[in-house]
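A.B. asks: Single-letter residue listing:
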Amino acid sequence: MKTMLEIKNLHASIEGNNILKGIDITIKPGEVHAIMGLNGSGKSTLANVISGSDNYDVTKGKIQYNDKNLLDLSPEERALQGIFMSFQYPAVITGVNNTYFLKAALNAKRKYRGKVELDAIDFMSLIKENLKMLEMDESYLRRSVNAGFSGGEKKRNEILQMITLEPKLAILDETDSGLDIDALKIIAKGINDYRSNENSFLVITHYQRLLNYIEPDIIHVMIDGKIVKSGGKELALTLEEKGYRWLEKKVS
Amino acid sequence: MSVIKSNFNTFLQTHDSESEIIRDLRKNAFDEFMKVGYPTKKHENWRFTDLSSLTKAEYQFTNREISKIDREIIDNHSIDNSFRIVFVNGIFDTELSELRDISKHIAIKSIFDSSGRPTNDFTENGKNPFILLNMAFVTGGNVIEIDSNYIEDKPLHILNIIHDGKDSIQHHQQNLIQIGKNSQISIIEENVNINKKELFKNTVYNIQIDKNSLLSHILLQQNHAKSRVLNHIFVEQQNNSTYNTQMINIGGDLVRNDINIQINGENCDTDISGLSLLSGKDHIENYTIISHNKPNSNSQQLFKYILDESSEGVFNGLVTVQTDSQNTDSQQTNKNILLSKKALMNSNPQLEIYADDVSCSHGSATGELDENAIFYLRSRGIDLMTAKSLLIEGFAKEVTDKIKIDSIKEKLNFELSKWLAKQI
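Residue numbers (our numbering), protein chains in the order written: chain X, 1 to 252; chain Y, 1 to 424.
Just chain X, same shape as in the assembly (with noise of 0.2 Å):
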C-alpha cells in the first residue's frame, strides 16, 4: 500500500531548546496510529510541526506527504492538501463568528480542490447536520470561535471542524484531555464514523482511556523525542499496568 505520511530522523527545536531527537514514522492511508508519552516528551511538538507552526526550527530530517516535502509547505497549504491538527489549545478567536470562520475555510478548501463554493444555505444544511451528529446546539453558529467556550466545547469544536473539513490526515492533539466520559463518547464516535480505509490519524494522548474507543493499529511510545517502542494496541494495555519507566529505564 501507498505511504501517507514519512517521518524520517525528524530533529526539532524551540529557541534553541531541542525537544525531537530523531523521529521515524510511516503512516499508510486508513491508518490509526498513537502517540504516547508523558507531559512533555514532545508528542504536541510533533504535531505542531507536521501542521506548520514556526514556533519550532526543523534541524534534520523529513517529512514527506503523498509526493511532496511537507516542511516545504505553508501551513494553510498543508490544510488544503488534507492535514488537520485537533488543537490541544485551540485558540480564542473573538468578534469572529464561528459560521463564517468555518465556511470560509471550507470555501478555501473546496476552491484549492476545484470544486465550487457551497452557498450559504448548503453550508448550513451541511453544518447543521455535523451539529447533530456532535449533539452540539445551534446556537453555537452565533458564537465567536471558541470564545467562552468550556474545554469540553472546544474540543467538540475541534472535531467538527475536522468532520466538516475531511481531512486525509487529521491529528488529534490531547483531543481526549478534558473530556467527561459522555462527552468522550460523543466525540470518539464521530471520530470513528470518519475513519476510512482512506482516511488516516495520528491520535496523541497519554492516557490509554481515549483508544479504548478509538482502537488504533499501531502505538508508539515517546520518551524525551524519541520513539522508544511501536506496537499494536496491546501496548497500550501494558503501559496503563507497567507505566513508562521500565521503558525510560531501557532507554538509558
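In case anyone wonders, no lab produced these hints; they're calculated from the structure.
Every clue listed holds true.
Cut-off 25 Å, straight-line C-alpha distance, at most; resulting in silico cross-link-like pairs (SDA-like, lysine to any residue): (1) Y:K422 x X:G95; (2) Y:K335 x Y:C360; (3) X:K111 x Y:A421; (4) Y:K341 x X:A91; (5) Y:K56 x Y:A225; (6) Y:K154 x Y:A107; (7) Y:K402 x X:A147; (8) Y:K409 x X:M124; (9) Y:K388 x X:L118; (10) X:K128 x Y:G394; (11) Y:K388 x X:A91; (12) Y:K397 x X:S150; (13) Y:K422 x X:Y100.
Add chain Y to chain X, keeping to what the hints say.
C.D. replies: Showing chain Y alone in chain X's frame:
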C-alpha cells in the same frame, strides 16, 4: 504667535461687515488666546501632541459663499433609507439635502442668531486655547433642533463638506444639536474634505439631550495625510436620556477629539465608543471626559485603535463621579492592536470618584495580533492575509456591532475592509 496675529488682522479686515457684537466676541476671544497661547508638550493634556504643523504654517480662510458640489460626490456618500443634510463649509445646502418627512420635525438654522452672535459659547468653559481660536475665527455652523415627542427610525445623515480650492485652508465651525423631550433619533455625521490640500479644521459641537430622549450619534471622519482636525464635543444629558456615540476615525496627520459629557440627569445611559484606523504617519487622539453629576446613571466607554507603520495613537479617558452621584456604574476600556514595530500607542485611563456607592472599572491593553490565532486559522486552510484581516475585523466588530442600523454598519464595514486591503 506672529502668524496667528496677522491671520486675525486679515480676518477682521475681510469680515468688516459683521456686527459689533460678533466683532467684540472675536476680539475678546482672541485677546484671551494671546494671553494663554498655544498649548505645549508641558501641558499634561497635550504632551503627546505635536502642534507645529498648526502653529507654524499659514492657512487661508474658507470661502463664505457656497461652493458648488458635484452630485456624484453626494451619491458616493449616500446611505440607503436615510434623510440627508448637506453643509458646505458650514453653510446649509438646501438643494443637496433631502429632508422629506423629517422636515416637519426638524429646524435647521445658522449658528449666528439675528444679532450675528453665535449660539454656542464655550470660551468660558474651555481651558482649551483652540476653543478661543474657534470663537475668534468661526465662520460656519448650524443649529439642528429635533422636536419633542418625535421618534424616528430612519437615520439622519449629515454630510459636513469642506470645499475650497486654496492650497491651505483653515475652517472654524460650531454645531449645535438639540434633541427635544421624549424623542429618539440616529444621526450619522460624515466629514468629507474634497480638496486634498493642507487643512486645519477646528469644530465645536454642542449636543443637548432633553429628558427621556435618545440620541445615537455616529461620527465618521476620513482624513488625508495633510489634515489637522480638532473636534471639541460637549454633550449635556438630562433625566432618563441616552447618548450613544461611535467615533470612527480613519487617518489624518493630526486628529484630536475632545469629548466632554456632562450627565446632569438621573437614570441616564451613556455609551461612547471609538474605532481609529491609523497608518503612515497618522496621529489620532481621543480625550474623553464623562462627568457623573447626578445619581443612578450608567456610562460605558470602549475605544479601539488599529495602528500600522509609524502611526501614533493617544487615548486619555477620565471618568469623574461627583459626591452625590451614588449608584453610578461606569466602565472604561481601551484596546489597541499594533500591526508594526514602529507604531506607538499612549493610553491613560483615569477615574476620579467622590461618591462611595459606585461601581467603576477601567482597563487598557495594547498588543500585536495573536500569533496563535493566526496559526489556528492558517491550519484550517485560510491564507495569512485573510487570517490577519479576519482577526482585525473581529477586533473592530465590538465597536461596529454597537451600531444598530444595517445601512450604516455596512458602510462602516465597507470602509474598514477598504482600509485593511491597503494595509495588509
